[in-house]
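Colleague: Sequence:
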Amino acid sequence: RREVNNHDEDGNELQTSPEFRAHVAKKLGAMLDGFITVLKESSPPAQTSVPRSGSGDDGFRLFSSSVPGDCGDSELCPAARRRWPSSSSDVDSDQEWQRYQEAAVSATDILKQSAF
1 RREVNNHDED
11 GNELQTSPEF
21 RAHVAKKLGA
31 MLDGFITVLK
41 ESSPPAQTSV
51 PRSGSGDDGF
61 RLFSSSVPGD
71 CGDSELCPAA
81 RRRWPSSSSD
91 VDSDQEWQRY
101 QEAAVSATDI
111 LKQSAF
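The opening position of the sequence shown corresponds to residue 1 in full-length UniProt numbering, with each subsequent residue numbered one higher.
None of these hints come from the bench; they were simulated from the model. Hints may contain errors.
[What the hints assert, rightly or not] Quick list of the computed label-pair ranges, beta carbon to beta carbon:
hint	residue 1	residue 2	range
1	ALA104	VAL24	14 to 22 Å
2	ASP92	LYS40	29 to 37 Å
3	ARG99	HIS23	15 to 23 Å
4	GLU13	ALA103	14 to 22 Å
5	VAL24	GLU102	30 to 38 Å
6	ASP109	THR37	23 to 31 Å
Ideal placement from N, C-alpha and C gives every residue a C-beta, glycine not left out.
Input sequences plus hints: build the corresponding full structure.
Modeller: So this is what it looks like as structure tokens:
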């Protein structure tokens, strides 16, 4: 295996082709579109600024209209989560959904690693 710490390359350590990356991006985009539900809001969000590191942010905010500190612990309403058509691999899709939730990162973590 090649040295991963050598950053002189384009970041394509897996040696995938541009066509394969485009295919994966298209499939991932379609999958994510199936999970995202857009809700219409009658009033604009109360707070639109991104909290800075060290401001006591106790959760993550995916969008500016997200509720601070909402880590998804509360029960989702039935319309908020779309389900794929029932199949024999429901257990796999539940495990996949759990992996998506575990992969979520907080805005504070992102800001810590950015140049801002």
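Colleague: Each hint: holds or not?
Modeller: Structure-based check of all given hints:
1. For ALA104 and VAL24, the hinted distance range of 14 to 22 Å is satisfied, since their beta carbons lie about 20 Å from each other.
2. ASP92 and LYS40 have their C-beta atoms about 33 Å apart, which keeps the hinted 29 to 37 Å range intact.
3. Roughly 20 Å separates the CB atoms of ARG99 and HIS23, a value that falls within the hinted 15 to 23 Å.
4. A hinted range of 14 to 22 Å holds for the C-beta pair GLU13 and ALA103, which are about 19 Å apart.
5. Between VAL24 and GLU102 the CB atoms are about 20 Å apart, so this pair departs from the stated range of 30 to 38 Å.
6. Here the CB-CB span from ASP109 to THR37 is close to 25 Å, well matched to the stated 23 to 31 Å.
Violation of the numbered hints given earlier is confined to hint 5; every other hint is satisfied by the structure.
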